[in-house]
Structure formats: C-alpha cells, structure tokens
Amino acid sequence: MCGKPNPADAEVCRYCHARLKPIQPGDLPQPKPTGALEAMLPPWIRELRAESEMEEETLPLPGEKTEADGSEGAFPEGESASPEPDADDPLAALWAEEEEDEDLPDWLKSLGTEEEASAVAALAEEQAAPSAGEPPEAAEPKGAAEEEESALPDWLAGEQSAAEAEEAVLPDWLAEGVVAEPAGEPAEAAAPKGAAEEEENALPDGSVGAYQPPLVEAPSESLSASPFVESEELAEALLGETPDWLQMLAPEEESASGEKSPAEEEVAQPLTEGELPSWLEALRPVAAATSVLATDEEEPVETQGPLAGLRGVIAPPTLTTLRPGKVGVLGGKLKLSDEEERQARILQDLIAESSRPLPPSSLPDKKEQKVLRWSVGLLMLLAAFLPFFLPFLRAPLPRRVLPAAIAAQRLIDDVPQGAPVLVAVDYSPAFSAEMEAAAAPLVTDLLAKHARIVAVSTQPTGPDLISHFFAALGSDYRESEHYLNLGYLSGGTAGLYAFARHPRLVFGYAAGHDRIWNTSFLSTIHTAADFSLVLVITEDPETARAWVEQVRPALGEHTPLLMVISTQAEPLVEPYYETASQQVGGIVTGIVGGLAYEAIRGRPLTAAAQAQWGAYSNIALMGLMIIAGAGLVNLVLGWRERRNAPTLPQDEDLDDEEA
Amino acid sequence: MASLLSALVAFIITLSVLSYVFFGDWALFRVVMYLFIGAAAGYGGAVALRSVLWPMLFRPLIFQRQLLALVPLLLVALLLTKALRGKVSRWGNVAVGYLVGVGAAVAVGGAVRGTIFPQSVATMDALNLHLAAQKGISPFEFLVTGAFMLVGTVTTLAYFHFGARPQRNRPPQRAAWITALATVGQWFIAVAFGALFAGVLLAAATALAASIGQLWQFLSILLPH
Amino acid sequence: MKAPVATAVAMAVGIVVLVGYFIPLSIFTGLRMLLLQWAIILAGAALFVGMVNLSQHHWARIRARRGVGSAWLVFSLWATFFITFYFAPASLPTRWLFDAILLPASVALLGVLAVSLTVAAVRLPRRRPGLFTILFLTTTVLILLGSIGIPGVGSLPFVSNLLRPWLAQVPAAAGARGILLGVALGTVATGLRILLGSDRPYSE
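Residue numbers (my numbering), protein chains in the order written: chain A, 1 to 659; chain B, 1 to 225; chain C, 1 to 204.
None of these hints come from the bench; they were simulated from the model.
Among the hints, erroneous ones may be present.
Stated by the list, open to error - EDC-like cross-link-like pairs, simulated, lysine to aspartate or glutamate; straight-line CA separation at most 16 Å:
hint : chain 1 : residue 1 : chain 2 : residue 2
1    : A       : Lys370    : B       : Asp25
2    : B       : Lys135    : B       : Asp125
3    : A       : Lys366    : B       : Asp25
Unchecked claim - Between beta-carbon pairs, the in silico distance windows are:
hint : chain 1 : residue 1 : chain 2 : residue 2 : range
4    : A       : Ala471    : C       : Gly30     : 38 to 46 Å
5    : A       : Ala471    : C       : Gly186    : 36 to 44 Å
6    : A       : Ser337    : B       : Ala83     : 55 to 63 Å
7    : B       : Ile137    : C       : Ala79     : 51 to 59 Å
8    : A       : Leu390    : C       : Leu92     : 57 to 65 Å
9    : A       : Leu378    : C       : Val153    : 20 to 28 Å
10   : B       : Leu28     : A       : Ala608    : 25 to 33 Å
11   : C       : Gln56     : B       : Phe23     : 44 to 52 Å
12   : A       : Glu557    : B       : Leu143    : 23 to 31 Å
13   : A       : Leu378    : B       : Leu5      : 28 to 36 Å
All residues carry an ideal CB built from backbone N, CA and C; glycine is no exception.
Model the full structure from these sequences, guided by the hints.
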C-alpha cells in the first residue's frame, strides 16, 4: 500500500500494516482478542458505546460473533427490513438501534455502537484485510476527520492523513483489480489519482447511504459524501450539471428514504451463516481479485462511481441485453384479466401499426411533385408579369368601404396638427411591399398634418426599415425634420413594456443624439400615453399581440392604438378590435385595406400602385383557380385511393387535426 | 451609379431566389442564401452593439461612471461565455435565466391584463344588447353575430381541453359534453385556419408581385423604349 | 437540481417584475424598471452572441473544408458588421446594403412561398380527404375571392362586400378568439412554471 519494500513472505506491510496477501475464498477471518485496543478508541466513541450499552442491554456481548456475522455490515445503515433485531445477529440489532438514532450523521452512526467499535478494532488487527465478514467503514467528511485524527487509531489516522494528501491508496485486492497483478505478490501501491479524477468520483450523501463498499481501505476521497467539494466541482454543482452516473444513482437514494428496493427485500430474507446473497457475493473483494486472477482481462474495469477500479463487478451490456425496442419475455406467466389482455392487444396493434409503412399511393411522387411545382410556378409568374405588359389585364381597383378603415380614418382625423405620434415600423423586411402599400396612405395623412412622428421598431433591421419606409413615401420627407428615427428597440416584450412606461430610460441616448429628449419630437414625451396616437405597422400576430398586451394598458383613454396589419394577421388581431373597450381602435388590413383607405380619401392611385394591384390580384386569382380546380380533382382521387387502400382506415378526426 | 449598382445586385438576387421554383436548391440559390443570412446576422450584431450595448451599457459606464452598469456588464460577460466552448459556457445559464425570468413575468402579466380579461369580457358581452345601440347595428344582427362569437370561442377552447377521466375497465375519455363542444369547435378552427392560410397566401402574393415589379422595373431601364 | 443559480436568478427577477406589474408600489416600480433595463441590454447582447455563434459555426466548417457557402456567409457577415458598425445603421452605406441585398432577398423568398403554399393546398385534399379539409379549403378560396379583383370584372359584390368580411370577422374571429385565449392561458401556465422553478429552459 505504501509502496515500501517488504519481505516476500510477509503477510502484512511493516510500515503501513496493510495486508499484502489477499484472503482466499474460504479463509474466514479468525476472531482475535481486541480488548487491548479498547484504549485506542477515542473517548467520544467510548461514550457512545456506553450509551448504547445502557439503552440496549439485551445486545450480545461484543466480540462474540462480530466476525462471523459481520457480513451484514456490508448493508447500508437503515436498510434492514427486519423489524425485530435477530438475537443471533448482533449487528442486526445495531442496525435496528441506529434506525432510531436518526440525529446522528451516517458516518457517525456507523461508528457509534459497541459492536462496531469492536469491529473496527478487529479490523485494525486484520490490518485492513478485505473480507466479506467485515463491516464497512463509513465515508467520513474530511473536515471532521482532521479534528479527530489524534484520537483515532494509528491505521485510521494514517488512512486519514493519506486522504488529506489526496492520495487514493487502494487496498491490495483493489490494486490487483486495477493493475491485474498476480495474487500472492506484494501489491504495488496504486498510482495516486489526480485531484480532478477524484472529484469525479465524489458521491453525494444519498449515494453513500445507498451503497457502501465492503472495504475498509476504500479511498475515502472517492466515497466522500462530503460537502467539501473542490472549486471546480462547486462550480459544477452550482451551475447545474450532474454527471450521468450520479443521476443513475438517484432512484437508489429515493429507495433509501422510502420504498424498499429489491436489494432491501433481499436483505429481509433470512441468511444462513456463510451463505451470502448473490449481489453481496459479487461485491466480495476476494472474489473480485480472484476473478481477475482466474480469468479474463476482457472484463471492463469500472472507471467511475463507487465501483471505480473494480473489474467485472457489473456485467457489461451485450447486444442481447441492449436491444432497443425489444423487450425479452420474462420467465413465468403473468396472470392478466381479460380487460388487461385486451388493452395489451390494443397497445400491440398500435405499435405494429405505427411501424407499418404507408401504402405507396399516398407517398409523394417526386416527379409528380416537380411537375406540379413547375406548372404552378410558371402560371403564377406569368399571371404576375402580364399586367405589366398588358394593362387591360389589370383588375379594376376595389371600391369597398371597410368599417375598420373608416375607424382608422377617424382616428387619423382626430390627431391634432403638430401632435406627437408614435409609428412602430415593426414588420419583417419580407413584408415591406404589403405593409408599405397598406400604411403609406395613413402616414402620408399624418405627415400632411405636420405630426411629430417618432418611429421605432422591435426588428433588428428596424433602423433601415424605417428609413426605407419614409423614403418610399417620397423624397420630400427627411429624417430629423419630418420624422425621428429612434431605431431598434431591444428586449422584445420586456422592451415594449419598459418603453411604454419610461421611454427616456430605454432610449436615453438613441439615434446618435445626445440631447434627443430635448428635440421638438420628444420634449413633451414622458410615457407612451403622451403621444396623440400610436400606429403599429406589423405583419406578425405575435408582435401585434405584444403591443396590445404590453403597450395598450399604458396608453390610457386618450391615446388610441391603431394597427396596419398584413392579411395573414387579420383573424388573430380582429378580436382585439371587436372588444367593447376597443383595445385596437382601427385596423387597416393589407393592400386591400390601404386601397379602401385611399378610396375613402378619394385619392387617385399611381400607375405603379395600379400595376402592383393588378399583379397581386392575378397571382391570387391564379392560385385560387389552381387550388379550386386541382384541389377538387385531388379530393376525388384521394377519396378513391383511401377507399381502395388496403390499410386500416385512419381516424378522420386525427387526420384533420394534423391537416 | 450607386443606385444602378444597387438595382443590378437586387435584380440578380431576386432572380436567383425566384429560380428556386424551377431549379430547387441549386448553387446560385445557395450562394445567395448564404450571403443573405450572413448579411442579416452581421447587420443584427452591429445594430445590437451600436444601438443597444453602446448607448445603454458602455457609454454610461465609461462617460458617466455609473457603477450600477457593472451589473449588466457582468450579465453580458456571463452571456458571452455562451459563445465559448466547454464547461465555461454554463456560466451563461445565469444570464439566460435572467432573461427568461423577466420575459416570463412580462408575458404572464401581459397575457392576464391584455388578453385573458379583455377577451373574456368581450365574449361575455356577446349578447349584451346595450352594445348593439352603441355600435349602431340592429339587435338581431348583433345577437346572431354575438351568438356565433360566443359559441365559437367556447367550443374552440373546449377543443383544446385534453383532460380525460380514468374510467373503470375502459380507456380514459373526455367527458361527453366536452367532446360534443370540441366537435363544434373543430369547425370554427377549420374556418380560422382557412382564413389564416388565405391571409398568408395573399401576403406572399403581394411579395411575389413586388418582386416581379422590381424585375420589370430593372428590365424597363435596360430595354429600349 | 439543475442550474440552481440560474433558477434562483430567474425566479427572483421574474417575481419582482410580476409583482410590480400588479402592485404599482413605488418601491417595486424603480426596481422593476432597472431589472427591465438590464434585460433590454442582455437581449441586445444575445443578438450579438447569436451573430458570434453563427460565425464560429461556419468558421469551423471552413476550417474543416466542408463548405464554400460558409465562406460566403462569414465574408458577408463580417463585411456587413463592420460597415454597419462603422457607418451606423440607417446611414447611406447601410441603406445600400439593405436595399440591394436584405430587402430583395427576403421579399423574393416570401414570393416563392406563394408557389409553395399553392402546391401544398393542391396536394392536401389528396393526402387528407375529409370534411374538415373541405371546410378549410372552401374558406381559403372564399377569402381569396373576396380579397382580389378580377380583370375586367373587379371585385365580386356579394363575396367581397358580405361573405368575405363575415367569414373573417365572425366565425374566423370567433375561432381566433378561442385560440388567443388558449395561447394566453398557455403563456400564463408556462410563465408560472418558469417563475416557480419547475420549468428551467435555460439549463441547457
């Protein structure tokens, strides 16, 4: 263990007293007198022992069966399922007592009884020799260990000092397990682990409770349930990410606190002397060592978790055990009711159906799809181009008067001359054609009234979008003279909320002006309610909703909210217009809404606008005819295919939801 | 000259993008897309730096010595770790958590005060005849419209109710009356989605008309009159 | 618990902002505005981080010799960034970039969508023949018909003056109101889950 040379026939290291030869199967540890070591125990352990003796007078005398029954010590504390302490099993009584003594920390509980103290002493005699008959050493927090070091036996003190030095000293069998050396030869000291490696192996409290290694000299760092984590680990703990292996232990933690795990149930079964449960047998260090000796190097060494360094203790997953999607049939026959069988059959059918390929007829044919796209594209492009060549193909302008457009016109008319107006140019550049066509008549009216227009946008491209919008209105309108470009308002809904209530806080220094709030545009503005009108131009129903939800409540009674929206947003913005409180005071929708507004004003349209209306109408008309004609044909074909399809009929409701 | 060059570049880009209809995702289209995405991202980053971070963070910190600005500076620094690789990027979670927390609070407040209350009141007012007089429409028209709105709103909401009660020896099912309401709600949803789809198609048609108009405008410059 | 610091921060600032929303006490108002101001700054920084991330991703692709397109992207990204940063947004050079590249590309992309949507609408009844598909497409056709003019005819009087406005303002708006209420309720539920720490979308 310590790496110092010893004679070849020595069983125990002369320096660190570690066992150099592993105990072979069948070599049961012999009971040895431990009375001489009583004095080495720290006073607080002796006090605890006295207390426990007073409370548990019926317990058997120490040393009677400590070694023989010690196999139970490998069980975690508090996990024993037997309600009554077994008279033949002193440790069982101890566990029962410890369950009551909940105030003590785990590691203290493991040391706090006479029997266990005897076991510790016996272990001192055994020089940390691994045996299935020995109780485990509880993982100790380092900080506490430092204070108590002087009162601990030499071997334990040595153990702790080694721990302080952060040297992960492995016991012989474990060292053999790691380096795969033949038994009988002096074990080499395991290479000290790096700090980072040890930290990876650190366990939380609960995991120690769930599993305790059967070995005295297991490196305390690696089993540390200690809250004293290193800085990097602390950062990881604070920032959140737990290693996967640790998460896998979580159910065990839960089981330790509440429900019984299978392992606990196994514990509850009566054990005959010398007969170990299979899982415990698998954890026996000797068995681990011999298995390494005996056979295959191919079995994997555990690299993390409490089993780090052990080889072959967990069966490696094989292709047969890891077969995704297939669950093997377990032994025995389940007793199912008819109803359960029926449900299981339905589930089976569902799974089978979901994996069944769709009939080829409903799969899209790439060639057919390509032809369809070419034809539709060609027809639509042709329909769009023709009005530019042939003016008679331009549709006449609509003469409709929309109620929402009338409301918008009234709101614009109500704006006093020279009043401040907030214009939100809040659309994506892709929709600029539609939005400019719809909003231009309103903003032109506002400019004609010499309104002090302040433009803002929650789009990152907002600053240039605003410039483009006003440039499209005419070259007469200049920035900082006819309108003020505040630019990009960051923060989404939070930005809107803050801007509506404290615009000076949000745009303290905007548009490159130091004294922007002293200009004529903004000198009277302290909240959004100080504007005479708020005009939002947007294509996105979400953006419209954000303005209604965040800004509208701050506007009060005297500042109406007017919206110019795209046709795609109409159904979702309309309900805000329909409310009695008129959250949105007026709506102008798309190119049709803009034309309706112009019709109210009686202004003539430019030739370019007429051509655009013609192209728009022709494209939409072509789309309409294609959808109606080809859609009808496809509907008949679809019905026919469905009727002839060999598959199970699909749920129509589900289909329509997906559609 | 600059405007002609701008028109030429715009013409090429428009033509390249529209070519997707016939040639799909071919080389020129891809190049234009890469250029477009890069330009949009670069523009957004520069706007963020120049219009947000400089006036709201660095300027107060440097010129006005506002020490309180150190807090957002720290948050920004944490957020910047998101651009780094490795475990250090986890520190950015704190800044993202800040953003998410504020965003959630604002969204909750806005939804309650801006949508849930007003829209619920509007639904309840659907049959309030006093409003008919205010709006200047006949009571009959108001009642018919109001009934439609009421039924449509309630049944649509019922459609989105997916709660089901477990039943003895039977799979969990929605209550029968909710199923009936949901069936009616489906009709309204189909109409609403149809209207939305038509709206998107019309918006796209406007954009296509604008693109064609731009191509035509450039060609008319080149073509002899 | 995953990301306890981020969770604590999200919950604390969220609750302060939400309480300030409904209880307009001056003690909350100032604090709330300060928190919102920081959020606005952070949102701006997030935009910048997004740009850097995109650049990093494509730079890695260039180094791995996996994309000529990535080189175009990185070039246009940094060129636009420096031009916009140096000359300021809404200046002449950025207006040129906007008018020549950003605007035509995005408008044309939306134009292509018109073709794609039409193709999708044509294929829908074949793939999903059913009553609701018919209702969906009938509404679409009627709204389209009521929103356009026909060459030589103009707008169809009944469809454009009565049917189309009624469809958009009554049944469609009723369905949309139900959707809006559903979305708002969902927003409240999701927001409260975040504020109570049970939903942590920020912990990667």
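Evaluated hints:
1. A:Lys370 to B:Asp25: 13 Å, holds
2. B:Lys135 to B:Asp125: This hinted pair holds, its Cα atoms lying about 13 Å apart.
3. A:Lys366 to B:Asp25: Roughly 15 Å separates the two Cα atoms, so the pair holds.
4. A:Ala471 to C:Gly30: 38 to 46 Å: 40 Å, holds
5. A:Ala471 to C:Gly186: 36 to 44 Å: At roughly 41 Å between Cβ atoms, C:Gly186 and A:Ala471 fall inside 36 to 44 Å, so the hint holds.
6. A:Ser337 to B:Ala83: 55 to 63 Å: 58 Å, holds
7. B:Ile137 to C:Ala79: 51 to 59 Å: Because 58 Å falls inside the window, the suggested range holds.
8. A:Leu390 to C:Leu92: 57 to 65 Å: 38 Å, violated
9. A:Leu378 to C:Val153: 20 to 28 Å: Check passed, 24 Å falls within 20 to 28 Å.
10. B:Leu28 to A:Ala608: 25 to 33 Å: 28 Å, holds
11. C:Gln56 to B:Phe23: 44 to 52 Å: For B:Phe23 against C:Gln56, whose Cβ atoms are near 31 Å apart, the range 44 to 52 Å is violated.
12. A:Glu557 to B:Leu143: 23 to 31 Å: Taking Cβ atoms as reference, A:Glu557 and B:Leu143 lie about 29 Å apart, which means the hint holds.
13. A:Leu378 to B:Leu5: 28 to 36 Å: 31 Å, holds
The structure fails hints 8 and 11 (numbered hints given earlier, in ascending order).
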